[in-house]
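Peer 1: Below are the chains, spelled out letter by letter.
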Amino acid sequence: GNSVTQMEGPVTLSEEAFLTINCTYTATGYPSLFWYVQYPGEGLQLLLKATKADDKGSNKGFEATYRKETTSFHLEKGSVQVSDSAVYFCALSDHNNAGNMLTFGGGTRLMVKP
Amino acid sequence: KAGVTQTPRYLIKTRGQQVTLSCSPISGHRSVSWYQQTPGQGLQFLFEYFSETQRNKGNFPGRFSGRQFSNSRSEMNVSTLELGDSALYLCASSLNTGGTEAFFGQGTRLTVV
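Keeping their order, the protein sequence lines are chains A and B.
The first sequence: position 107 = 107 (my numbering), numbered continuously.
The second sequence: position 47 = 47 (my numbering), numbered continuously.
Chain A extracted, bound-state conformation:
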């Protein structure tokens, strides 16, 4: 079956530091890949996505590249802000499945200190 593995947190960084959150996946076929962010007391917000190999998703300074050869979709940001503190989820949607079922990683809590 499908699975997503992401680095455990919490990740604690100082403001303006470089961020990497690792994500690897196992899937049949060629899934679409997503990063979602969850702020305290809120639902999930789509941060970025990539639908095929070598695609780069980007949004709000965050980037992730779909690497088929390493089955990875690592999230990066060059300079984090306190407002980036949240929980980040990597997810996949399998195109072989006719629906929209998402398989999520366990989430990584990011804490950014001023």
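Hints were generated in silico from the structure; no laboratory data involved.
The model shown is predicted, which means the values in this text are computed figures rather than measured ones.
No residue lacks a Cβ here, since even glycine has one placed at the ideal position from N, Cα and C.
Heads up, a few of these hints could be off.
[Unchecked claim] Derived DSSO-like pairs (lysine-lysine); straight-line CA-CA distance at most 30 Å:
id	chain 1	residue 1	chain 2	residue 2
1	A	Lys52	A	Lys68
2	A	Lys52	B	Lys13
3	A	Lys68	B	Lys57
[Said to hold, decoys possible] Chain A residues, not near chain B, derived (Cβ > 12 Å throughout):
id	residue
4	Glu16
5	Leu44
6	Gln45
7	Ser58
8	Thr65
9	Thr71
10	Ser72
11	His74
12	Ser83
13	Asp84
14	Pro114
Go by the hints and put chain B onto chain A.
Peer 2: Relative to the frame of chain A, chain B by itself:
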């Protein structure tokens, strides 16, 4: 454009009771999925509805059920509540089916006492 609306935001129920949660998707979206989020199990897929038909179902007992109406609004029902059903229940809507991006509501926080 209004987002995904889930009601109620918070619920407290007693073991053995049943509960119904509601989700109104983004206008024009025909796919609605439900997820359970707990600290121990993370985010787990419950089921997906598309055009009033259940498309996919996760690995949950039959106490968990859902339905979708002709206007795409969806409800999920949990019968004979257990303490372990305490969770954040999230609804996600998508335009179509087949791996399109999902937009989530704020969730319903269910506490079973």
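Peer 1: Indicate, hint by hint, whether the structure satisfies it.
Peer 2: Against the structure, the hints:
1. A:Lys52 to A:Lys68: holds (8 Å)
2. A:Lys52 to B:Lys13: violated (44 Å)
3. A:Lys68 to B:Lys57: holds (28 Å)
4. Glu16: Nearest chain B Cβ is 30 Å from Glu16 of chain A, so the label holds.
5. Leu44: At about 4 Å from chain B, Leu44 of chain A fails to clear the 12 Å cut-off, so the statement is violated.
6. Gln45: violated (7 Å)
7. Ser58: holds (15 Å)
8. Thr65: holds (18 Å)
9. Thr71: holds (17 Å)
10. Ser72: Per Cβ check, Ser72 of chain A is outside 12 Å of chain B; nearest 19 Å; holds.
11. His74: Answer for His74 of chain A: holds, closest chain B Cβ roughly 19 Å.
12. Ser83: holds (19 Å)
13. Asp84: For Asp84 of chain A, whose nearest Cβ neighbour in chain B is about 19 Å away, the distance exceeds 12 Å, so it holds.
14. Pro114: holds (27 Å)
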